[in-house]
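Novice: From first to last, the protein sequence lines are chains A and B.
Oh and the first sequence: position 34 is 34 in our numbering, straight run, nothing missing.
Oh and the second sequence: position 27 is 142 in our numbering, straight run, nothing missing.
Just so you know, these hints were derived from the structure itself, not from any lab.
Model, not experiment: these values are computed from the prediction.
A couple of the hints might just be wrong.
A few chain A residues facing chain B, derived, Cβ under 8 angstroms [to be verified]: (1) 20; (2) 21; (3) 23; (4) 45; (5) 50; (6) 52; (7) 54; (8) 57; (9) 60; (10) 75; (11) 76; (12) 107; (13) 111.
The C-beta atom is built at its ideal place from N, Cα and C for all residues, glycine as well.
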Amino acid sequence: MVINILNPGRNGVADWMIQRASAVILGLYTIFMVAYLLFNPDLDYAAWSGLFSHIWMKVFTLLALLSVAAHAWVGLWIVATDYIKPAAIRFGALLFVILALFVFVVWGVQVIWGV
Amino acid sequence: MAARRAIHRLSRRPDLMIIESYQKLPVVYSCGPGEKSAVKSQRPLSTAKRPVNLDLSSIQFPLPALVSISHRVSGILLFIGLIFLMWAFQVSLSSPAGFDTVREAMAHGFFARLVLWGLLSALGFHFVAGVRHLIMDMGHGETLEGGQRGAQLTIIISALLVVMAGVWVW
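Next up, chain A with everything else stripped away, as it sits in the complex (with noise of 0.2 angstroms):
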C-alpha cells in the first residue's frame, strides 16, 4: 500500500476510473474542435466567440478543462511517482503541478464566462 500524502483518499481503482472517463470526454473534444477548426478554415472573430456564447459549448468546455485537470493529474502523479524518488523533489513537482492546474482551471473559467 502506498501512502503519499499527496494522493489523499483515493486508490488504483478510482484513478483507473477517473483516467478514462476524462479520457473519452477530452477525446470527444477534440474530434470535435479539430472538426470545426478544419471545416471553418476561413473563420473569424465573430464566429469563434458566437460558438463560445452557446451554453451548450460553454459546459462541454468546462467539462474538458476539469477533465484536464483530473486527467493530467492522475498521469502526472503516476509517472512522478515512478521516476522521482527524492521525496521533497517529487513533493514539489506535484505540487506545482497542482497548482499550474488550479490556475489553468479559473483561468479557463474566466474566458468561458468572459464571452
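Let chain A serve as the given structure and place chain B on it in line with the hints.
Specialist: Chain B in isolation, oriented as in the chain A frame:
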C-alpha cells in the same frame, strides 16, 4: 502431515523455490518416513544473489514498451503545452484584435507554428495510444502478438497524424 509433505515436495523443486521464498516460509521441513520433522534451515531458500542487470544500454525495449514510454512523454509535453493553448484560448476570445494576433501567429510565426505542430503531434500520438488502452481494456489485443500488433498500429496511425498535422499547420 500432508501439508508438510507438500512443502517438502515443493522444496525439492528448484523452479518453485522462488515462489516458496516469496511466500516467506520461515523453515524447511524434512519429514522422511518415520523421521522426526526437524528444522533444517531458518533462512529463506533463495539467498543466492539473483542476476540484476542495471545496464540500460544493453536492454532492448520491445515496441510496446517504447509506445508506453512515448505515451508518458507526450502526456508531459501536453501538460507543458497547456500554457500555450490557454494563451491562444484567452487572447483569441478577448477581442477581434486578439483573434487576429493568434491567427497571424499561427499563419506566419515560425515559432508558433512549430509549437502548434509539436503539440498537435503529441496530442495525436497520445490520443491513438489512449484509444489503444481503451481497446485493450475491453479485452482485445492482450496477447503477446496482440500487444506487438497494437503497438505497430499505434505508431503507423500516429505517424500519419503527425504528417497530416504538419500539412495542416504549413
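Novice: Hint validation: residue 52(A) versus chain B, beta carbon distance must be below 8 angstroms. Holds or violated?
Specialist: Constraint on residue 52(A) satisfied, holds at 6 angstroms.
Novice: Under 8 angstroms, Cβ to Cβ, is where residue 75(A) needs to be relative to chain B, so tell me if that hint holds or is violated.
Specialist: 5 angstroms, holds
Novice: Grab the minimum C-beta distance from residue 57(A) to chain B and call the hint holds if it beats 8 angstroms, violated otherwise.
Specialist: 11 angstroms, violated
Novice: Against chain B, run the beta carbon of residue 45(A) and see if the smallest gap drops under 8 angstroms.
Specialist: 4 angstroms, holds
Novice: May I ask you to test the interface hint for residue 23(A) with respect to chain B, counting a Cβ-Cβ separation under 8 angstroms as satisfied?
Specialist: 5 angstroms, holds
Novice: Checking hints one by one. Is residue 76(A) an interface residue toward chain B, by the C-beta closer than 8 angstroms rule?
Specialist: 6 angstroms, holds
Novice: Measuring from the C-beta of residue 111(A) to each C-beta in chain B, is the shortest one below 8 angstroms?
Specialist: 5 angstroms, holds
Novice: Under 8 angstroms, Cβ to Cβ, is where residue 21(A) needs to be relative to chain B, so tell me if that hint holds or is violated.
Specialist: Violated - the Cβ of residue 21(A) stays beyond 8 angstroms from chain B, reaching only about 11 angstroms at its closest.
Novice: Classify the hint on residue 107(A) as holds or violated, based on whether any CB of chain B lies nearer than 8 angstroms to its CB.
Specialist: 6 angstroms, holds
Novice: Mind checking the CB of residue 20(A) against every CB in chain B and telling me if the closest is under 8 angstroms?
Specialist: The hint holds - residue 20(A) has a Cβ within 8 angstroms of chain B, the shortest such distance being about 7 angstroms.
Novice: Closer than 8 angstroms between Cβ atoms is the bar; does residue 54(A) clear it against chain B? Give me holds or violated.
Specialist: At about 13 angstroms, which exceeds the 8 angstroms cut-off, the nearest Cβ of chain B leaves the hint on residue 54(A) violated.
Novice: Closer than 8 angstroms between Cβ atoms is the bar; does residue 50(A) clear it against chain B? Give me holds or violated.
Specialist: Violated: closest Cβ of chain B sits about 11 angstroms from residue 50(A), beyond 8 angstroms.
In this structure, the earlier hints numbered 2, 5, 7, 8, 9 are contradicted, and the remaining ones agree with it.
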